[in-house]
Amino acid sequence: MNDTLNITKGINALKEQIDAPTAAFFSSCVHCGLCAEACLFYTETNDPKYTPINKVEPLKRVWESEYTLFGRLKKALGLAKPVTDELLAEWEPLIYDGCTLCGRCSMVCPVGNDISTMIRKVREGMVASDHVPEGLVGASTRAVKIGSPMGIRLKALQAQIKHIERDTGLKIPIDVEGADYMALLSSMEIINFPEYIESLAKIFKQANVSWTLSSEAFEATNSGIQIGSSDIARELVQRIVDGAEKLKVKYVISPECGHAFTAIRWDGPNLIGKSYSFKVVHILELLDELQQSGRLKTQGMEDKKLTFHDPCQIVRKGGVEAQPRRLLSQVASQFVEMSDPGKMNWCCGGGGGVSANERADDVRLKAFNRKKSQLEEINVEVLVTACANCRLILEEGLEENNMDMPVVGLSELISEHLLEENAVEGERDE
Amino acid sequence: MELFSNANDFLLWVRGDAFNIALGLFIIGVLVRILEIFLLGRKKDFSEARGTQWGPGLRNIVSRSVVDNGTFKRAPFVVVVGYIWHICFFIVLFLFIPHIELINALLGIQWPGLASQLVDAATVVAMVSLVAMLWHRLTHPVLKFLSTYEDYVVWFVTFLPLLTGYMAFHRMIDPYPLALGLHILSVELLMVIFPFTKLMHAFTLFIARWYTGAMMGRKGIVS
Amino acid sequence: MNKKTLFESLQQQGITRRGFMKYCTALTSLMALPPSMIPMVANALETAKRPSVIWLSFQECTGCAESLLRSHSPTVEGLIFDHISLDYQHTLQVAAGDAAEHAREQAMKEHHGKYLVVVDGSIPLADPGYSTIAGISNLDMLNETIEGAAAVVAVGTCSAFGGLPQAAPNPTGAVSVSSLVKDKPVINVPGCPPIPTVITGVLAHYLTFGSIPELDNLGRPKVFYGQSIHDRCYRRPFYDKGLFAETFDDEGAKKGWCLYRLGCKGPMTYNACATLKWNQQTSWPVESGHGCLGCSEPNFWDAGSFYKALSIPDGDYAKAAGYAVAAGVAVGAAAGFANQKNKANAVSQHTKVTVDDFGENKDK
Ligand code: SF4
Ligand code: SF4
Ligand code: SF4
Ligand code: SF4
Numbered sequence: 253m254n255d256t257l258n259i260t261k262g263i264n265a266l267k268e269q270i271d272a273p274t275a276a277f278f279s280s281c282v283h284c285g286l287c288a289e290a291c292l293f294y295t296e297t298n299d300p301k302y303t304p305i306n307k308v309e310p311l312k313r314v315w316e317s318e319y320t321l322f323g324r325l326k327k328a329l330g331l332a333k334p335v336t337d338e339l340l341a342e343w344e345p346l347i348y349d350g351c352t353l354c355g356r357c358s359m360v361c362p363v364g365n366d367i368s369t370m371i372r373k374v375r376e377g378m379v380a381s382d383h384v385p386e387g388l389v390g391a392s393t394r395a396v397k398i399g400s401p402m403g404i405r406l407k408a409l410q411a412q413i414k415h416i417e418r419d420t421g422l423k424i425p426i427d428v429e430g431a432d433y434m435a436l437l438s439s440m441e442i443i444n445f446p447e448y449i450e451s452l453a454k455i456f457k458q459a460n461v462s463w464t465l466s467s468e469a470f471e472a473t474n475s476g477i478q479i480g481s482s483d484i485a486r487e488l489v490q491r492i493v494d495g496a497e498k499l500k501v502k503y504v505i506s507p508e509c510g511h512a513f514t515a516i517r518w519d520g521p522n523l524i525g526k527s528y529s530f531k532v533v534h535i536l537e538l539l540d541e542l543q544q545s546g547r548l549k550t551q552g553m554e555d556k557k558l559t560f561h562d563p564c565q566i567v568r569k570g571g572v573e574a575q576p577r578r579l580l581s582q583v584a585s586q587f588v589e590m591s592d593p594g595k596m597n598w599c600c601g602g603g604g605g606v607s608a609n610e611r612a613d614d615v616r617l618k619a620f621n622r623k624k625s626q627l628e629e630i631n632v633e634v635l636v637t638a639c640a641n642c643r644l645i646l647e648e649g650l651e652e653n654n655m656d657m658p659v660v661g662l663s664e665l666i667s668e669h670l671l672e673e674n675a676v677e678g679e680r681d682e
Numbered sequence: 488m489e490l491f492s493n494a495n496d497f498l499l500w501v502r503g504d505a506f507n508i509a510l511g512l513f514i515i516g517v518l519v520r521i522l523e524i525f526l527l528g529r530k531k532d533f534s535e536a537r538g539t540q541w542g543p544g545l546r547n548i549v550s551r552s553v554v555d556n557g558t559f560k561r562a563p564f565v566v567v568v569g570y571i572w573h574i575c576f577f578i579v580l581f582l583f584i585p586h587i588e589l590i591n592a593l594l595g596i597q598w599p600g601l602a603s604q605l606v607d608a609a610t611v612v613a614m615v616s617l618v619a620m621l622w623h624r625l626t627h628p629v630l631k632f633l634s635t636y637e638d639y640v641v642w643f644v645t646f647l648p649l650l651t652g653y654m655a656f657h658r659m660i661d662p663y664p665l666a667l668g669l670h671i672l673s674v675e676l677l678m679v680i681f682p683f684t685k686l687m688h689a690f691t692l693f694i695a696r697w698y699t700g701a702m703m704g705r706k707g708i709v710s
Numbered sequence: 070m071n072k073k074t075l076f077e078s079l080q081q082q083g084i085t086r087r088g089f090m091k092y093c094t095a096l097t098s099l100m101a102l103p104p105s106m107i108p109m110v111a112n113a114l115e116t117a118k119r120p121s122v123i124w125l126s127f128q129e130c131t132g133c134a135e136s137l138l139r140s141h142s143p144t145v146e147g148l149i150f151d152h153i154s155l156d157y158q159h160t161l162q163v164a165a166g167d168a169a170e171h172a173r174e175q176a177m178k179e180h181h182g183k184y185l186v187v188v189d190g191s192i193p194l195a196d197p198g199y200s201t202i203a204g205i206s207n208l209d210m211l212n213e214t215i216e217g218a219a220a221v222v223a224v225g226t227c228s229a230f231g232g233l234p235q236a237a238p239n240p241t242g243a244v245s246v247s248s249l250v251k252d253k254p255v256i257n258v259p260g261c262p263p264i265p266t267v268i269t270g271v272l273a274h275y276l277t278f279g280s281i282p283e284l285d286n287l288g289r290p291k292v293f294y295g296q297s298i299h300d301r302c303y304r305r306p307f308y309d310k311g312l313f314a315e316t317f318d319d320e321g322a323k324k325g326w327c328l329y330r331l332g333c334k335g336p337m338t339y340n341a342c343a344t345l346k347w348n349q350q351t352s353w354p355v356e357s358g359h360g361c362l363g364c365s366e367p368n369f370w371d372a373g374s375f376y377k378a379l380s381i382p383d384g385d386y387a388k389a390a391g392y393a394v395a396a397g398v399a400v401g402a403a404a405g406f407a408n409q410k411n412k413a414n415a416v417s418q419h420t421k422v423t424v425d426d427f428g429e430n431k432d433k
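Residue numbers (the numbering used here), protein chains in the order written: chain P, 253 to 682; chain S, 488 to 710; chain X, 70 to 433.
Quick caveat, the hints were computed from the structure, so don't treat them as lab data.
Take the hints with a grain of salt, since some may be wrong.
Below are the DSSO-like pairs computed for lysine-lysine, each with C-alpha atoms no more than 27 Å apart in a straight line [as the list claims (entries may be wrong)]:
#1 Lys333(P) <-> Lys410(X)
#2 Lys631(S) <-> Lys327(P)
#3 Lys531(S) <-> Lys531(P)
#4 Lys531(S) <-> Lys502(P)
#5 Lys560(S) <-> Lys618(P)
#6 Lys412(X) <-> Lys530(S)
Model, not experiment: these values are computed from the prediction.
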């Protein structure tokens with residue numbers, strides 16, 4: 253029995269989470285069931301327990317019995333439904349395995365409930381009562397203790413940098429004080445998609461961007477956000493803030509990775525309780541800006557039929573929707589949208605920590621069927637996205653379903669089409 | 488009838504004391520619920536805003552009334568019947584002349600009404616759509632799963648005023664003071680349970696939509 | 070003299086058989102009976118004895134009696150009145166004082182068990198002194214008089230339902246006849262005043278059939294009170310179309326639109342005005358441009374303004390709303406602040422979570 257984290261703390265954490273919007277949301281739900289139709293975990297399993305509003309039942313009970321007059325009366329009379337350890341144990345898989353915090357339900361609810369944000373709040377209670385999946389505990393622990401959820405240390409990054417510098421002849425600046433931009437990376441990019449780092453180096457060189465990496469704060473992802481612990485998330489964000497302040501940069505660049513963007517761009521300042529001394533931009537925002545201002549020039553077009561998978565945290569929760577489309581229009585001649593594109597896009601199934609939680613593998617693969625049928629509708633050859641996590645999940649899902657289709661990061665795609673002003677024609681071939 | 492010596496006595500009570508009690512409970516309940524919501528407050532947001540909150544919040548209040556195409560295709564019944572129900576209900580509530588008189592007496596505002604036959608037709612459609620919604624709630628797996636006793640109580644208490652109003656209009660209950668009295672009483676019942684149930688959505692959905700729209704606006708997402 | 074049948078008495082006045090049949094036809098229609106009933110009515114009248122009628126006037130304004138007696142031309146009402154034996158009516162009779170009271174006692178003795186009592190006006194119970202006749206309280210006189218009566222006809226809303234004297238605050242403690250008379254049939258003929266034709270129609274029914282007509286649950290004869298004003302109102306098509314006069318002199322009023330918004334209580338009022346009309350069928354209130362007041366209904370004086378639509382509550386809802394707003398704000402603020410405290414408390418009890426706290430990591 254764990255004595256540090258327990259049900260009392262869990263309920264207390266839920267009490268801390270409830271604010272005016274939460275109260276407005278619970279007051280408004282009419283049990284219409286539409287949110288179920290928005291959630292890939294319901295649509296692909298047909299199991300009603302995955303209905304988004306059902307997932308926040310523990311929070312609802314706390315709200316009702318703590319923050320409404322009628323509910324307090326019911327509680328006093330012993331009529332309130334209590335939040336018990338058993339309840340939280342039962343709900344844990346719904347909260348962690350059956351929700352990617354994709355936010356789609358929040359777009360559909362007719363009374364305007366932001367259910368996804370409430371699910372994030374429930375996770376705080378789950379953490380405080382120790383109802384968390386093993387995978388996420390591991391990731392968080394590695395993030396706090398090693399510096400990266402995947403256990404990647406600076407040495408590994410340095411090795412990758414060395415490789416890239418050798419392969420491209422480009423310099424990857426590190427710990428450059430006074431640079432304009434400090435770029436962050438996600439572990440997955442370092443390990444699985446180092447092309448991203450290479451792309452940055454190429455693009456920034458052409459666009460003449462003054463940038464650097466930080467040896468103390470290169471990891472952008474935040475397992476604290478995924479597991480749902482503000483305390484852990486704060487510690488991780490603080491490292492980035494410290495790193496950026498130390499190097500006195502004006503901007504911090506969030507990598508493609510969606511939840512990293514949410515963590516650093518939107519949640520970070522609130523976790524540390526103050527505004528940053530720097531600005532945070534998503535790499536797609538920056539690329540778009542560079543391209544719009546003429547600093548980034550591309551040449552040639554992909555002529556394969558391709559589509560773009562909007563990472564939920566970037567589009568629906570991050571507000572970056574037009575940028576990838578403008579960028580794609582520069583480098584792809586046969587871009588087609590999936591059904592429900594942009595802010596209504598369907599999640600890949602692996603966000604919100606689900607991909608780090610092996611227990612969720614089965615349901616995640618089921619949920620992928622949504623993406624599969626979306627892709628089947630349009631019959632494309634290439635799938636572009638802008639999140640290393642999405643990319644891995646998509647690759648895995650496609651493979652599982654025997655769909656042969658390359659998944660490409662948008663930043664890389666852009667870097668592949670950089671106009672090589674001084675280059676001899678033909679030097680740059682695919 | 489022991490409590491009332493006759494139907495007129497009953498009507499008198501319903502239009503008098505009972506209405507005052509119902510109105511009082513309704514106002515107190517709604518105000519308490521709304522104050523409880525607002526006083527919980529929101530934490531100050533330190534992240535750098537990409538857009539404003541007010542405009543998108545207000546926009547979302549309107550735009551949430553239209554469902555996205557994909558969801559419509561997945562749940563056409565809820566959407567279509569939901570629209571029909573709400574539209575007909577608003578016609579009945581706000582465009583029947585006797586109701587306009589009531590609103591004018593209470594709030595001092597009025598607008599033109601509709602011919603009673605049209606309101607009558609809307610009443611029938613509203614009742615049919617409510618029955619259809621009940622049937623759907625009892626048969627659809629998600630709705631069956633989500634529904635609590637409160638959903639059914641609210642359904643019933645919402646249905647009653649339509650039914651009694653229809654019966655009073657068509658003078659199906661004798662004598663008329665009894666019919667009218669029952670109709671008003673059923674509305675009073677609705678007013679009394681209103682603040683304690685999901686009926687509150689009629690007010691709080693504006694708050695909910697605004698908060699969500701404001702959050703989206705802040706992040707630069709089109710609400 | 071009273072032993073004569075109605076037919077005999079008519080014959081004495083030189084009315085022919087043909088005239089008698091005409092009279093029966095009129096009477097049949099007055100009672101809202103089908104023409105096929107005419108022979109039966111004639112047969113009944115040929116043998117009917119002139120009944121003795123004792124008319125008691127309590128807390129009333131004489132409007133009801135006026136309504137009945139002011140009709141000029143020879144009418145069916147008139148004929149009926151000529152042919153009942155009105156043995157006591159203190160406003161009309163020549164005799165006064167002891168002589169009058171004597172007449173009443175005489176009639177009661179002679180026709181014991183057979184006479185009709187007509188009452189107009191309500192009975193004060195708070196203090197008998199509010200209304201006495203020859204030193205006898207209304208209550209005593211009523212009890213005394215109905216003792217040998219065959220039936221009681223409560224004419225006018227005061228006597229049928231309490232009427233104006235009973236309106237709040239009811240200083241005299243006025244009550245209706247039916248709330249006092251439990252062991253005799255009571256026929257309520259409400260209206261403020263009732264339509265004269267209705268009064269005589271009820272009397273004619275008793276005269277003809279020797280029984281009381283079918284009554285609704287307020288004791289009113291269904292033939293006259295079975296339908297509401299609204300159901301028979303000629304302005305009803307405007308109501309259905311949603312065309313309403315909004316002031317007494319607007320276009321709608323001139324076009325004869327429905328008077329609902331001007332407070333017409335026709336929808337809840339059961340009376341025969343819309344069909345029988347008033348003043349020898351000349352017109353009736355709604356026709357002359359004023360909404361129905363609901364005068365044939367209980368409590369009509371207390372049912373709110375005559376000029377407020379029926380759908381408007383008649384309590385002091387503005388005051389109730391005012392109190393409720395104040396209470397709602399107070400309770401809401403108190404609850405809201407309690408919630409804030411509750412939440413602040415939770416925040417202060419927060420214990421920082423570190424990764425070492427997870428059971429997973431502890432097991433290791
Ligand atoms: S956030 Fe996404 S995954 Fe989670 S409940 Fe909502 S729609 Fe489903
Ligand atoms: S869509 Fe909104 S109102 Fe409908 S059940 Fe879900 S949370 Fe409730
Ligand atoms: S005028 Fe009065 S009785 Fe006539 S239709 Fe209108 S509301 Fe009914
Ligand atoms: S119209 Fe109405 S108020 Fe007027 S006399 Fe007839 S019943 Fe009475």
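Hint check, failures only: Result: no hint breaks.
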